[in-house]
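Participant: Here is what each chain is made of, one letter per residue.
Number of protein chains: 4
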Amino acid sequence: MYSSEMQVRVRYAETDQMNVVYHGNYAQYFEVGRVESLRQLGLSYKELEATGVIMPVIEWTAKFLRPAHYDDLLTVKTSLRELPAGHRIEFHQEVYNESGRLLTTGKVVLYFLRRANMEKTNMPEEMKERLAPYFIPGGDQPSTV
Amino acid sequence: MYSSEMQVRVRYAETDQMNVVYHGNYAQYFEVGRVESLRQLGLSYKELEATGVIMPVIEWTAKFLRPAHYDDLLTVKTSLRELPAGHRIEFHQEVYNESGRLLTTGKVVLYFLRRANMEKTNMPEEMKERLAPYFIPGGDQPSTV
Amino acid sequence: MYSSEMQVRVRYAETDQMNVVYHGNYAQYFEVGRVESLRQLGLSYKELEATGVIMPVIEWTAKFLRPAHYDDLLTVKTSLRELPAGHRIEFHQEVYNESGRLLTTGKVVLYFLRRANMEKTNMPEEMKERLAPYFIPGGDQPSTV
Amino acid sequence: MYSSEMQVRVRYAETDQMNVVYHGNYAQYFEVGRVESLRQLGLSYKELEATGVIMPVIEWTAKFLRPAHYDDLLTVKTSLRELPAGHRIEFHQEVYNESGRLLTTGKVVLYFLRRANMEKTNMPEEMKERLAPYFIPGGDQPSTV
Numbered sequence: 001m002y003s004s005e006m007q008v009r010v011r012y013a014e015t016d017q018m019n020v021v022y023h024g025n026y027a028q029y030f031e032v033g034r035v036e037s038l039r040q041l042g043l044s045y046k047e048l049e050a051t052g053v054i055m056p057v058i059e060w061t062a063k064f065l066r067p068a069h070y071d072d073l074l075t076v077k078t079s080l081r082e083l084p085a086g087h088r089i090e091f092h093q094e095v096y097n098e099s100g101r102l103l104t105t106g107k108v109v110l111y112f113l114r115r116a117n118m119e120k121t122n123m124p125e126e127m128k129e130r131l132a133p134y135f136i137p138g139g140d141q142p143s144t145v
Numbered sequence: 001m002y003s004s005e006m007q008v009r010v011r012y013a014e015t016d017q018m019n020v021v022y023h024g025n026y027a028q029y030f031e032v033g034r035v036e037s038l039r040q041l042g043l044s045y046k047e048l049e050a051t052g053v054i055m056p057v058i059e060w061t062a063k064f065l066r067p068a069h070y071d072d073l074l075t076v077k078t079s080l081r082e083l084p085a086g087h088r089i090e091f092h093q094e095v096y097n098e099s100g101r102l103l104t105t106g107k108v109v110l111y112f113l114r115r116a117n118m119e120k121t122n123m124p125e126e127m128k129e130r131l132a133p134y135f136i137p138g139g140d141q142p143s144t145v
Numbered sequence: 001m002y003s004s005e006m007q008v009r010v011r012y013a014e015t016d017q018m019n020v021v022y023h024g025n026y027a028q029y030f031e032v033g034r035v036e037s038l039r040q041l042g043l044s045y046k047e048l049e050a051t052g053v054i055m056p057v058i059e060w061t062a063k064f065l066r067p068a069h070y071d072d073l074l075t076v077k078t079s080l081r082e083l084p085a086g087h088r089i090e091f092h093q094e095v096y097n098e099s100g101r102l103l104t105t106g107k108v109v110l111y112f113l114r115r116a117n118m119e120k121t122n123m124p125e126e127m128k129e130r131l132a133p134y135f136i137p138g139g140d141q142p143s144t145v
Numbered sequence: 001m002y003s004s005e006m007q008v009r010v011r012y013a014e015t016d017q018m019n020v021v022y023h024g025n026y027a028q029y030f031e032v033g034r035v036e037s038l039r040q041l042g043l044s045y046k047e048l049e050a051t052g053v054i055m056p057v058i059e060w061t062a063k064f065l066r067p068a069h070y071d072d073l074l075t076v077k078t079s080l081r082e083l084p085a086g087h088r089i090e091f092h093q094e095v096y097n098e099s100g101r102l103l104t105t106g107k108v109v110l111y112f113l114r115r116a117n118m119e120k121t122n123m124p125e126e127m128k129e130r131l132a133p134y135f136i137p138g139g140d141q142p143s144t145v
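Protein chains in written order, with my numbering: chain A, 1 to 145; chain B, 1 to 145; chain C, 1 to 145; chain D, 1 to 145.
Because the hints were derived from the structure by calculation, they are not lab data.
On a predicted model such as this, the values are computed, not experimentally measured, just so you know.
Wrong hints could be hidden among the right ones.
As the list makes no split between identical chains, a pair holds if one copy fits it or if it spans any two.
[To be verified] Below 20 Å or equal to it, Euclidean Cα-Cα: the simulated EDC-like pairs (lysine to aspartate or glutamate) are:
| hint | residue 1 | residue 2 |
| --- | --- | --- |
| 1 | 46 | 71 |
| 2 | 63 | 119 |
| 3 | 63 | 98 |
| 4 | 46 | 98 |
| 5 | 46 | 72 |
| 6 | 77 | 59 |
| 7 | 107 | 59 |
| 8 | 63 | 90 |
Whenever a hint applies, use it, and build me the whole structure from the sequences.
Facilitator: Here it is in structure tokens:
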């Protein structure tokens with residue numbers, strides 16, 4: 001398993017008149033969670049796109065257990081439970097508040113597509129190499145940070 | 001079953017650099033779909049909140065089958081497959097483009113909460129009365145518009 | 001002068017915990033106001049982009065006189081006070097609520113750029129032709145709708 | 001003068017199909033700039049609201065000189081050129097990219113309002129005390145960080 005964490009502070013713009021974060025804005029928190037998760041591996045999603053591979057979101061699921069509030073410093077935890085094989089990658093994501101309470105859980109499925117023809121493609125080799133050490137059965141796993 | 005449709009045009013702000021609607025923005029399309037669905041029944045979510053009942057989103061799921069593009073005039077179809085019993089309501093939602101192609105499917109679960117104490121409450125009576133005719137087994141259903 | 005109106009309903013996502021529309025979201029209301037303003041002239045911004053001309057926003061100003069609230073059906077009024085000459089176009093925009101109260105005024109300056117080289121270019125001929133009749137000094141002006 | 005800086009990374013959601021940050025999203029960058037500016041003074045906007053004072057945006061102006069792109073690590077510089085007197089506060093804001101190029105300049109005017117009656121009120125005493133040292137004519141100013 002590969003797992004990483006990053007923090008994001010709730011903006012005023014992200015609240016709604018229920019005095020909580022609008023549910024649709026978790027898509028952005030999950031997005032930054034995944035991007036920083038890759039960055040912690042030494043990978044840049046921006047550079048990936050520059051090589052012609054894009055990763056559109058194909059499936060997005062979340063359960064909202066407790067609300068997040070304005071100015072909360074949230075922790076987004078992003079995990080890969082399996083090494084992706086093929087064109088599909090599945091992230092599990094969790095959002096915690098400062099007291100460590102779990103607010104939201106989610107699962108996001110993305111595809112690897114070649115931008116030129118929008119055809120499915122395999123996970124790029126460099127990503128595979130960076131991720132593989134975290135999925136050695138019975139082996140010691142590298143520490144994330 | 002109760003089912004309704006409404007249209008929404010894709011804003012420039014809602015696209016991203018993949019030249020499609022950012023996945024997180026479907027939360028807003030689904031939201032307006034549900035709100036107009038209630039309005040077509042003669043119910044106003046705004047007035048519901050004024051009576052002290054709020055409907056936070058508890059679960060949100062979507063599959064993105066095909067992308068929506070800038071300026072597309074989308075049709076959002078919103079359905080209740082069962083008459084809600086208790087504090088939980090489950091909407092099924094679909095987004096179609098102008099050629100009638102299905103772009104996105106989703107399921108959204110909301111709770112009825114009493115704002116004063118944030119406790120679960122039953123679906124308001126008025127909503128129940130408006131919806132009930134659509135769920136008479138074997139019965140004729142009223143036409144939506 | 002060329003002037004047009006369109007309506008937009010406030011989404012829950014667009015409110016913030018001050019129980020009003022977040023000021024940044026007026027950028028989207030102004031955007032749809034401009035786009036529909038062009039559409040009422042028989043022009044499509046989407047098609048304009050397809051011809052290789054883009055219109056980035058260069059300057060954006062607004063005064064927020066009164067707040068807009070959830071579910072308000074707003075009227076966005078969009079005006080050109082002068083026929084653009086060259087690469088610059090300046091829209092004046094106003095937002096009214098259902099009781100006809102003026103909520104927001106704004107001014108938005110955009111440039112015409114050729115996407116291929118990002119160089120300034122003149123307003124496309126077709127747009128000029130459609131707009132010109134509204135700026136004949138002392139002349140009768142076509143009715144907008 | 002009081003001036004502070006903070007950083008914000010461009011999210012994918014914030015780009016549009018022009019491959020740049022959508023202009024309306026700068027409202028959020030400016031917002032986090034102001035909030036962190038206050039936090040660096042030891043002030044929390046969240047706590048301010050808890051005391052019954054809100055700060056709605058009354059005027060918002062920006063010039064977009066150069067575009068920001070996905071994943072850019074932007075620096076938002078927020079300045080008060082004058083010590084506010086009364087119910088009005090005026091921030092000057094600038095956005096720079098990682099190479100130090102100025103992308104956007106803006107001016108944002110906010111009012112201090114008492115939430116209970118929505119009446120104008122003076123800047124809270126604590127804020128005045130924290131800001132005053134930066135506006136002593138001819139005096140040494142405290143360093144910001």
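Participant: All hints are to be evaluated individually against the structure, with a verdict given for each.
Facilitator: Hint by hint, here is what the structure shows:
1. 46 <-> 71: Only across copies: residue 46 and residue 71 sit 7 Å apart there, 28 Å inside one copy, limit 20 Å.
2. 63 <-> 119: between (31 Å within a copy, 18 Å between copies)
3. 63 <-> 98: Within one copy, since 19 Å is at most 20 Å while 31 Å is not.
4. 46 <-> 98: between (29 Å within a copy, 15 Å between copies)
5. 46 <-> 72: Close across copies (10 Å), not inside one copy (28 Å); limit 20 Å.
6. 77 <-> 59: The answer is both: 18 Å in one copy and 19 Å across copies each meet 20 Å.
7. 107 <-> 59: both (8 Å within a copy, 12 Å between copies)
8. 63 <-> 90: both (16 Å within a copy, 13 Å between copies)
In terms of the numbered hints stated before, the structure departs from none.
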